[in-house]
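Work from the hints to combine the two standalone chains into their complex.
Here the protein sequences come in this chain order: A and B. Residue numbers for the first sequence follow the numbering used here, so the first one is 1 and each next one is one higher. Residue numbers for the second sequence follow the numbering used here, so the first one is 298 and each next one is one higher.
It is worth saying that the hints were derived from the structure and are not from the lab. A virtual CB, placed ideally from N, CA and C, is assigned to each residue, including glycine. Watch out, some of these pointers could steer you wrong.
Straight-line distance between alpha carbons at most 16 Å, and here's what the computed EDC-like set of lysine to aspartate or glutamate pairs gives [what the hints assert, rightly or not]:
1) A:Lys-88 / B:Glu-458
2) A:Lys-88 / B:Asp-318
3) B:Lys-315 / A:Glu-93
4) A:Lys-88 / A:Asp-127
Here are some chain B residues the structure puts well away from chain A; computed CB gaps all over 10 Å [what the hints assert, rightly or not]:
5) Leu-316
6) Ser-324
7) Ala-335
8) Thr-363
9) Val-371
10) Glu-379
11) Leu-564
12) Leu-611
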Amino acid sequence: MTSVLRLDGVDRSFGDRQVLRDVTFDVHGGRMTGFVGGNGAGKTTTMRIILGVLAPDRGEVSWQGAPLTRDGRHRFGYLPEERGLYPKMTAREQVTYLGRLHGLDAATARRNTDELLARVGLDARGDDLLETLSLGNQQRAQVAAALVHEPEVLVLDEPFSGLDPTAVDTLVSVLRERAAAGVPVLFSSHQLDVVERLCDDLVIIADGAIRAAGSREELRAAYGQPRYTLVVDSDAGWLRDQPGVTLVDLDGPRAVFDLDADADDQQVLRAALARGPVRAFHPVTPTIAEIFREVTQ
Amino acid sequence: MNTRQATMLVAAREIRVKLRDRTFLISTLIFLLIAAGATILPGLLSGGPASVAVGGDTGQAAAVLTEAGLDVRVVADDAAAEQAVRAGEVDAAVITGPTVLALDTAPTEVVGALSAAPPVVLLDPDAVDPFLAFAVPFVFAFVFFITSQTFGLQIAQSITEEKQTRIVEILAAAVPIRALLAGKVLAGCLLALGQIVLIALVTLAGLQFSGNTDVLTLVGPAIGWFVPFFLLGFLLLAAMWAVAGAVVSRQEDIAASSTPVQLALMLPFFAVVFFNDNVTVLRALSYLPFSSPMAMPLRAFTGDMALWEALLSLVLLAVTAVAFVAAGARIYQGSLLRTGGRVALATAWRSRETTG
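So that you can see chain B by itself, here it is in the shape it has in the complex (with noise of 0.2 Å):
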């Protein structure tokens, strides 16, 4: 058995247990219809076009407002129509003037279909909607900052299970010891990139159905560039997660072991939430390895983003994440045959225990 197969077993172990996991499975769920609702309750919710009763003398504008693709109620006069919007059956009148019934606030569907408004030419316009301009960089650093926070901690949790139960010796006298990093790794990448493929074809569908299919092809960049920032982003947490639960014995001990990761994926997730609209803090953000997969897909996503400054990024990223790992298989293997108490980082690093 070499090296690669016995990661494959390991890593379809992991994989086996955590979907029986009823936990997982909720937490998922959960996420699932999240994002069902996010993306189809606002259609349902907004009720169709606005209703105007129509009534006294107004001439054409009936036939302009349904023209206009409002739903337009003829009444007899123009008591009938303030009456009707006053009980709320309708969201506005038109009565002799013309003038605009409403309750409190105008209704500028029903004005803006009786005026002329000049023509309007935008000449530096918006590329992004406003509302995706807003939501998408909080959904990047969101799935980045939840994945990486749910697959990281099931890392440490499962190394630590091994120490715990002692099944580790059984374990580091079959297979490779890096082996065992690699597998656990592996299935939490695997995992990570399910779920995250599940939640965006549950929100691609739900955009389907509500008809706002132009979102896909605004969105689309990023996600090309979230995907590599992604694995990248979480080999380099999920060696940082890897000795977290190495250097313990107990579960108890891993929150307090994973100070470090936690901070190192909560300042960056912050940083890039507070600071995404400042171009030159961004811009730093794009390159740090800690904050690039959160920060680069984002200005992927508003087009101020150069393609080698991305591939630049990623170098960055990829050479970080290979030294955090080949240390953290170092530490790994120096801590896994420790147990009681907590292993100093510079005892593991120092003892070459297995000849695996």
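Pulled out of the complex, with its shape left as it was, chain A reads as follows (with noise of 0.2 Å):
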């Protein structure tokens, strides 16, 4: 039995706009995967499609090698991106009914929320009605909302998204947590800094189709053309003429550079020693937001 959760060729149209082709990629169990793309590119209805809130058109959901049925959703923890809760009944009061709702008993539904609302910090706001919360706190709620029923995959839509920046780091601990528990994590984000910090696998959309799969250093190596920075005492403006040199970025004595698959770097770096004394030379590890504007142009 293998953790993973499978798209597999989904397409999905909305009338006559085709927002998702053949979707298809692996969310592992125990590791945090990212999932990056621009406005409407389909990571929300990707999403719905994959809790079952919206069917495919084409392709298959799978979990654990088998596709997946309204039961195996069951399992599945979900924080959609247009978060909700009911006005008129307290955190604590409909996070146990979404767990009931989830097929936990009464007993467990009631100590697992107030383990979390503990947890995410809402301890003390629990009783109070949903609407007299601020916005952080009821995304506080929504969040244990999303947990409540111990998920065994976790589908998380914006999930940072108005949250101050200790509720980030409760969350991140969460989820690191259930991740670490062996949980395939799922989770979209505009801000690529919180994705780079995070996440272990990435998936890239772009208008509706998957523009890059795998582990962040696979894609790394993949899409990060080799780069380097070089730092000299005068100015640096002979590499332009460097074979298998594409200078990126151009500052006085301090240069970034792609280099070609088959030039060499041993051989630039000689060539800067024999210009004068050299500061710094060292490769660049492209970062996410570098790979998704590589991989998206």
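Next up, the structure:
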């Protein structure tokens, strides 16, 4: 039995507009998978299809090797992009209710709710009506609602938007904990720095099609050109004429350049040393933002 | 978790929230006060037997009147008796003659007690007390109208609330969508029935208190028929209310989207109230699914109904209700996740959105 959530060839249209095209990727157990894409790229539609809130036109979602059914999805935790809970119920009451809807018995639902509310820092306000809570606190209640039934799979649409830095840290630690327990975690975010900090795997979607998917290291190797930073004492403009070098950025003595696959970095270093002292020479790891830009252009 | 368990959880939440709703509690209390007031107050206000002053030379009058259960006061003479009437101390007086005095209307009780009425035999007596004959049609129609309106609107509002707050997406991911709908309709039925039973109990207690115990035997069969007709009629309308709530995304828009169901409730209501003594029209109304919950119990009450008629009408109502619930559930599923603006019924009908 493999803890893999797999999307295979998923298509979906709304009217004439095709929003997903042959979407295929895996979310592995125990790993945090970042799902990034621009506005309207298809992230939310994909997540809704995973949760069975939308039906795919074609293709399949499977979990642990078997096609997903309603019973299978019952143990999924979902944080939708458009947040909402009942305004006229207390946070404690509705998190408990959602736990029961996901099949927990009354006692377990209550116990999990108490634990989670304490964990997300909502213990003191847990018995206030939701509509009286600040937006940030409503967001914390929403997070508790997604986790109350100890889900086997977590699908979180923009989980960090609207959270203050403390709440982001809390959520990050909760998610890491769940991932460490073997749960596949798929989360989308516009904040690429958060994705950078969190994800083990990355799925990049643009215009409804998956442009890249895999572990961070694989994507770096595949999409990040070998890139270097060089700092010398005088102007580094001579790099422009160096074979195999493409200048990315030049600021007097500081240069960032890409190297062709067959070029030798040591040769560039020797050329630099021949012109004077070298203060720094090191490879640059591409950020997720850079990979994203390169993949979606 | 199966659909039945999910339905129960959903219904339990709806009921819990409603029982905390102050507007609902106050309106129920007002209904109960009206029911108690309407049954107890008339007895208290009518003020007991008529009082009569007896003066002068009136022979056996005092004895006869006392025998008839009137409040008799013997005074010194005719002048004193007349004075008592003018002063408003008594309702009437009997003076020498014997002559009956009263202020502005002939006191029938006194006159009746003093006269020898010929025996009367009614060949075709009215089965029903005229007051009840007047009141009962309104009561059945009114109870159905008010409860279908109140609890139907509640179903629509609860559905729209879930769309408006977007919690529906979490719910749809957790339980089958039909369980959401079934739970809401079940909660509406139970709350409506609960409110009706409570009002009925208070009414019966009030009648008991004021000594009108024979009403129950008269109204009993009609109530027996009202319950199944009410439940099926409510189900039929609930399906329409659910659609009214599901196609809009904001509470403010329910008023517009619920026009069809409001009409489906109001037109039959007025038809039954206006034509309650027109046998032909009432017979037609008692078969039409939207008006039968109001019209058939009324025919049961007046005794103008055969058993097969009630059963046939119930079957017609049940078939219509099932068809409406099936169509309503499909439109509900198709429009639940479409927010922004109003969903066209045809669009909702075609889309089979959820995989649940």
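Against the structure, the hints:
1. A:Lys-88 / B:Glu-458: At roughly 10 Å apart (the allowed maximum being 16 Å), Glu-458 of chain B and Lys-88 of chain A satisfy the hint.
2. A:Lys-88 / B:Asp-318: 10 Å, holds
3. B:Lys-315 / A:Glu-93: 15 Å, holds
4. A:Lys-88 / A:Asp-127: Holds. Lys-88 of chain A to Asp-127 of chain A sits at ~11 Å (cutoff 16 Å).
5. Leu-316: 12 Å, holds
6. Ser-324: 17 Å, holds
7. Ala-335: 34 Å, holds
8. Thr-363: 65 Å, holds
9. Val-371: At about 70 Å from chain A, Val-371 of chain B clears the 10 Å cut-off, so the statement holds.
10. Glu-379: 69 Å, holds
11. Leu-564: It holds; Leu-564 of chain B is separated from chain A by about 34 Å at its closest Cβ, greater than 10 Å.
12. Leu-611: 35 Å, holds
Checked against the numbered hints above, the structure violates none of them.
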